[in-house]
Structures are given as structure tokens and as C-alpha cells.
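Visitor: Generate coordinates for the entire structure from the input sequences, incorporating the hints supplied.
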Amino acid sequence: EAGVTQFPSHSVIEKGQTVTLRCDPISGHDNLYWYRRVMGKEIKFLLHFVKESKQDESGMPNNRFLAERTGGTYSTLKVQPAELEDSGVYFCASSHSVVSGGYTFGSGTRLTVV
Amino acid sequence: GESVGLHLPTLSVQEGDNSIINCAYSNSASDYFIWYKQESGKGPQFIIDIRSNMDKRQGQRVTVLLNKTVKHLSLQIAATQPGDSAVYFCAENRGNTGFQKLVFGTGTRLLVSP
Chain X
1 EAGVTQFPSH
11 SVIEKGQTVT
21 LRCDPISGHD
31 NLYWYRRVMG
41 KEIKFLLHFV
51 KESKQDESGM
61 PNNRFLAERT
71 GGTYSTLKVQ
81 PAELEDSGVY
91 FCASSHSVVS
101 GGYTFGSGTR
111 LTVV
Chain F
1001 GESVGLHLPT
1011 LSVQEGDNSI
1021 INCAYSNSAS
1031 DYFIWYKQES
1041 GKGPQFIIDI
1051 RSNMDKRQGQ
1061 RVTVLLNKTV
1071 KHLSLQIAAT
1081 QPGDSAVYFC
1091 AENRGNTGFQ
1101 KLVFGTGTRL
1111 LVSP
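In the order they appear, the protein sequences are chains X and F.
When the first sequence is numbered by this note's numbering, its final residue is 114 and no position is left out of the sequence of numbers.
When the second sequence is numbered by this note's numbering, its final residue is 1114 and no position is left out of the sequence of numbers.
Read the hints as simulated data drawn from the structure, not as lab findings.
Mixed in with the good hints, there may be bad ones.
[Claimed, not checked] Now the stretches of chain X that chain F is said to cover, found in silico as 3 or more residues with beta-carbon under 8 Å: (1) 41 to 48; (2) 71 to 83.
[As the list claims (entries may be wrong)] Derived BS3-like pairs (lysine-lysine); straight-line CA-CA distance at most 27 Å: (3) Lys1037(F) <-> Lys1068(F); (4) Lys1071(F) <-> Lys1056(F); (5) Lys51(X) <-> Lys1042(F); (6) Lys51(X) <-> Lys1071(F); (7) Lys1042(F) <-> Lys78(X); (8) Lys54(X) <-> Lys1056(F); (9) Lys44(X) <-> Lys1037(F); (10) Lys1037(F) <-> Lys1056(F).
[Claimed, not checked] Every beta carbon over 10 Å from chain F, so not counted as near; a handful from chain X, in silico: (11) Val12; (12) Lys15; (13) Asp24; (14) Lys51; (15) Asn62; (16) Glu68.
Heads up, the beta-carbon is just placed ideally off N, CA and C, and yes, glycines get one too.
Guide: Take a look at the structure:
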């Protein structure tokens, strides 16, 4: 089966600009997660979708971040306006079960804000 | 890779040796733990998991040990190979009602010399 796909793989933008990251989960996976690792820090949870609904968005850092999952398929994460501290790697993951088995992660989008 | 700027503890071993990677977790209520492997340019890859009602679980060349008394988790890799070189993360499930919200450790870099 195809894995979790993230686009773009790299993005370099100027402070104040807008960037939209996209994640295509594994087909049939209702659960979709966003995580990120900012430089010097560990991987941290951002939010969790079940189909098109936000189950848990407690990790979203502030209102400059907006995540959507239209129709319960792919998801986008928009950062507007981007700040320097948003630089890092943004990972998307999906799972079929929420009980066990872990997630399948995408390769991530490396975001650099200059 | 995305580990630049992230000062990770490093374990260096010779090919064929056994490796032990340790992790301390903080929440005594966490009921599910996962070990992930991350290679450069890729997302975290599931290795093995364990529930809190177990203290040991074995996979292919890997064993996870859980000590709930001291909140300690370890990953043992038998006959370590150069392809095992990567950053290894433990993660604990902090989700409610079965939904997974993982809290990651800072990671350990494993370097395997031929």
C-alpha cells in the first residue's frame, strides 16, 4: 500500500508569508495526526483528526496555525503569517486503529522561515 | 538532517554487538509505549510497542523492556547491523479513551561501525 505522503518536502519562505503543507494519509485510515519538531526540540503533537473532525487540537501552538481535513481524506496545515520560530520539520501520520499498532509517518516537510 | 541543532545522546557500537537504548518517561498513567526509528530524511518508523500490563515484548532482533516502578523503557537490538544506524525515539501514549496522542522522548542516535 502507498504510505503517507507529504508535500512539499522542503519549503523556504520569508517571515510573514503564508505556507500550506499537505498530507495524504494511507487510504482508509480515518485517523490523521500532525506533529512537528522545531530545531533543538523533540517531536511534539499538534492535532488529531478522526475523519474530517478535529478530535484533539491541544498541541496547536497558536491561531497562526490552521489545520483542515476536507471530506476526511487529505489534510492541510496552513501557517499564516509564518514566524522564524515555526522553522522545523512537520510530520503527518495516519492510523487505522487508535488502540494499537502505532502510526505510519510521512517523511515530513522541512519548513525554513527566513 | 532535521537533527541539526538537536543535541542527541549517542550510542556507538560495533557491528554484531548488542545495543541497549534507554528512555525515561514521566507519566505513570501512560498505558502504551512505542519505539520508533528515524533515518535521515525519513519520518519515524514503528519498531515495536508494549502495553503497560506487560514488562517485556520481543520482535525480530528487538526486545522492549518496561519497568513501571521506575518509569523506564529500554530497546534492545541484537546483533546490531550498520543498517540499524538511526535516531531512536521512545513515545508514550497520553491520549484519552484510546485515542493516541504520543509524547516523544528526545531520541538517541545509534551509530554502528562495520
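Visitor: All hints, please: hold or fail.
Guide: Now the hints, each set against the structure:
1. Requiring three or more residues with a Cβ within less than 8 Å of a Cβ of chain F, the coverage given for the segment 41 to 48 of chain X holds, as 6 such residues are present.
2. Only residues whose C-beta sits within less than 8 Å of a C-beta in chain F count toward coverage, and the segment 71 to 83 of chain X has 0 of them, not enough to reach three; the restraint is violated.
3. A C-alpha spacing of about 22 Å is found between Lys1037(F) and Lys1068(F), which places the hinted pair at or below 27 Å, so the restraint holds.
4. A threshold of 27 Å between alpha carbons decides the hint, and for Lys1071(F) with Lys1056(F) the separation of about 14 Å falls inside it, so the pair holds.
5. Our distance criterion of 27 Å between C-alpha atoms is met by Lys51(X) and Lys1042(F), whose separation comes to about 25 Å.
6. Simply put, Lys51(X) and Lys1071(F) have alpha-carbon atoms about 34 Å apart, too far for the 27 Å limit, and the pair is violated.
7. Simply put, Lys1042(F) and Lys78(X) have alpha-carbon atoms about 22 Å apart, close enough for the 27 Å limit, and the pair holds.
8. With a C-alpha separation of about 34 Å, the suggested pairing of Lys54(X) with Lys1056(F) is violated against the 27 Å cut-off.
9. Distance check on the hinted pair: Lys44(X) and Lys1037(F) sit about 16 Å apart at the alpha-carbon level, within 27 Å; holds.
10. Simply put, Lys1037(F) and Lys1056(F) have alpha-carbon atoms about 19 Å apart, close enough for the 27 Å limit, and the pair holds.
11. The Cβ of Val12(X) sits about 14 Å from the closest Cβ of chain F, beyond the 10 Å cut-off, so the non-interface label holds.
12. A cut-off of 10 Å between C-beta atoms confirms that Lys15(X) is not in contact with chain F; the least separation is 19 Å.
13. In this structure Asp24(X) is separated from chain F by more than 10 Å, as the shortest Cβ-Cβ distance comes to about 13 Å.
14. Every CB of chain F lies more than 10 Å from the CB of Lys51(X), the least distance being 13 Å, so the non-interface label holds.
15. Asn62(X), annotated as away from the interface, keeps every beta carbon of chain F farther than 10 Å; the closest lies near 19 Å.
16. Every Cβ of chain F is farther than 10 Å from the Cβ of Glu68(X); the closest lies at roughly 19 Å, confirming the non-interface assignment.
Going down the numbered hints, you'll see the structure goes against 2, 6 and 8, while the others check out.
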